[in-house]
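Chemist: Below are the chains, spelled out letter by letter.
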Amino acid sequence: MNSSQWIVYHAGKISLRVDRRIPRTAAGLILAALIILVLHVGIGEYTIAPMDVLRTIIGQQLGDQNFHFVVMELRMPRALVAWLVGAALGASGALIQGLTRNPLASPDLTGVTAGASAAAVTLIIFLPQTPDFWLPIAAFCGGLLIAAMLYLLAWRDASSAGGDSPIRLILVGIGLSAALGAFTSFALTFGELWYVQRAMMWLTGSVYATDWVDVNLILPWLIVCLLLAVYGARDLNALNLGEDIAQGLGLRLTFKRGFLLVLSVALAAITVTVAGIIGFVGLIAPHIARRLVGTMHEGLVPTAAFVGGFIVILADFIGRTILQPTEIPCGIITSIVGVPFFVYLLWKREKIS
Amino acid sequence: MAVRTLNMVRSHVPRPLLMGALPVCIAVLLLAIFSSIAFGAADIKLQTVLASIFAFDAENTNHLIIRTLRLPRAITAMLVGAALGVAGAIMQGLTRNPLADPGLLGIEAGAALAVVGGVFLFQINSLPVYAIFAFVGGTLTALAVYGLGSMGRESATPFKLTVAGAAISSLLASLTTAILLFNQRSLEEVRFWMAGSVAGRDMKLVIEAAPFLLAGLILSFVMGRQITTLSMGEDIARGLGQNVGWIKLASAGAVVVLAGTAVALAGPIGFIGLVIPHVVRMFAGNDYRWVLPYSALLGASFLVLSDLLGRILVQPLELPVGIMTAAIGGPVFIYLVRWKVKR
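So the protein lines, in turn, are chains A and B.
Residues in the first sequence are numbered consecutively from 514, following this note's numbering.
Residues in the second sequence are numbered consecutively from 1064, following this note's numbering.
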């Protein structure tokens, strides 16, 4: 590994070393997301030119009074929610893939998706009278409950079987998700058709009609979790060398793993409250990030977040504009956006090496 | 990224015991099939069941029920269960990933999209036509995944195959969802099929599918030794003088035939291919010469019994077997994992 690959800072007791690719990649991804944001906010049934969008955002008064309302109240919060949800899922996926050392791991594996889906489907199909504001609360609680249950079920007495174990976590996760999935699929098969379609809409994931309340709800939570995730990500590097080596390097294995798992769960759980189940981002964003900045987790986790944010905001933009006036939920588009991107990276790197 | 291998449980079961347990498992399977034929909505005496098989009387309603409804159903369940169990075991060995299942080559997602697309565009509405669409869709998708996974300089590494499969599956699943969200008629038409079921399959379809499944099973059993070597890692397999490329292609081919035919017969049944191989490995270790036959037997018995329970548990409603397998199997699997997986 040659030294020019790194950027190194020393400032008193603090020293920091980052991969040279990271600032460049991050800047690129944020810029791309901003461009999509401006387009997202500008294009729609009521189209606003990109320059006018920018002027409205920085607070200039324009001739048309509607601009402010359309931009700031209707479209801006939605675009922000899309980006934030994607970022959370990307980071959550990077953490769980690092923890389990499995490329197929995604936030689904922690039981959050299964729990939230089961709770939401119960409410939508079996208790359709329930007021709508209970849905996000139920989904959030369902997700956390099942994640906690998964951890407890996978836990064995430390002396005999090593306390927590990634492989047991994966396998119990399969079992638990399957059992809950059976319930969800029972509801979808036998429920009233009208409610089933509503439930499927929720299960597909969409940021339709989100507002500033949603932004304010998830933003503080995400900032805290993301910062902690970036901080904790360094330990994943040691973990990936193997459990014995990590322990030998002085890592409090069980504690660190539990901490990172909780973060991954928290990041995924908050997204279901505003957007339902948006699949695929948590799985593919870390892979794309790995192709972009390599496998060191302190760079990987934030990059996965930026990639995730970009995928979801782009997906929502496409879903909103491609078949106007019909809207396609962004949960459907995420994979349509993500797969070609990923294939391109796969192909490009293979050619270079 | 380092993928944790599956060699986490060592088998302490001695060889003679593994050999001796085979007939027992076969007996269990036969018993399960027999119960599946005997129990159901219409109460039929045991003698009648036997008579309908060995001394068929076309005038007797009960004989007809057994011959045209229950026997094909039990055989479908058996074949599909065996196929999925084996296909799952091969996929897990091939990719060395405990999360792998037959769906990972995109077969189930491709089949589902083909059927839903067929319902939406061409108004297809009978099981045999579904079967054709499912098989073609599944096979084409598997080819695409294998092609994508082989892209680049080195051939299909487990990692590339795994991620390509997951990505393509999820892309196709999105398209399926899109159709179902915007077309209520399609949703109503296929949602029972989507849950996975072995009800109402007629004997003709079963007889057409059986040669494919048997060929796939035999091919798999013959390759048991090679898959064991491959599951230890490609470098080791190559070092032992194995032609890794061909073995991978042949095992992937077996998975396509097995899982493709299974999904054509019964719709997407997810749980068996994922979990049965884990259960088998808990007692049979990592030798695929044993893992594959046991996965077939266990998968078949489990699917037949789940189907039976789904029929008699909440009469007169009939639960699709795809739901039953996960509902019963999930908790049992969790229990086994807690008890057996020590690290």
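Worth double-checking, as some hints may not be accurate.
Unchecked claim - The following label-pair restraints were derived from C-beta to C-beta distances:
1. A:Trp860 - B:Gly1304: 26 to 36 Å
2. A:Pro536 - B:Leu1380: 39 to 49 Å
3. A:Thr834 - B:Gly1304: 54 to 64 Å
4. B:Gly1210 - A:Leu754: 29 to 39 Å
5. A:Thr767 - B:Asp1265: 39 to 49 Å
Claimed, not checked - Here chain A is said to cover these stretches of chain B; the calculated rule only asks that three of the stretch's residues, wherever they fall, bring their Cβ under 8 Å from a Cβ of chain A:
6. 1185-1195
7. 1252-1263
8. 1285-1292
For the record, the hints were derived by calculation from the structure and aren't laboratory data.
Glycine included, every Cβ here is placed at the ideal spot set by N, Cα and C.
Chemist: Run the structure past the numbered hints and jot down the numbers of the failing ones, going up.
Modeler: When the structure is compared with the hints, numbers 2, 5, 6 and 8 turn out to be violated.
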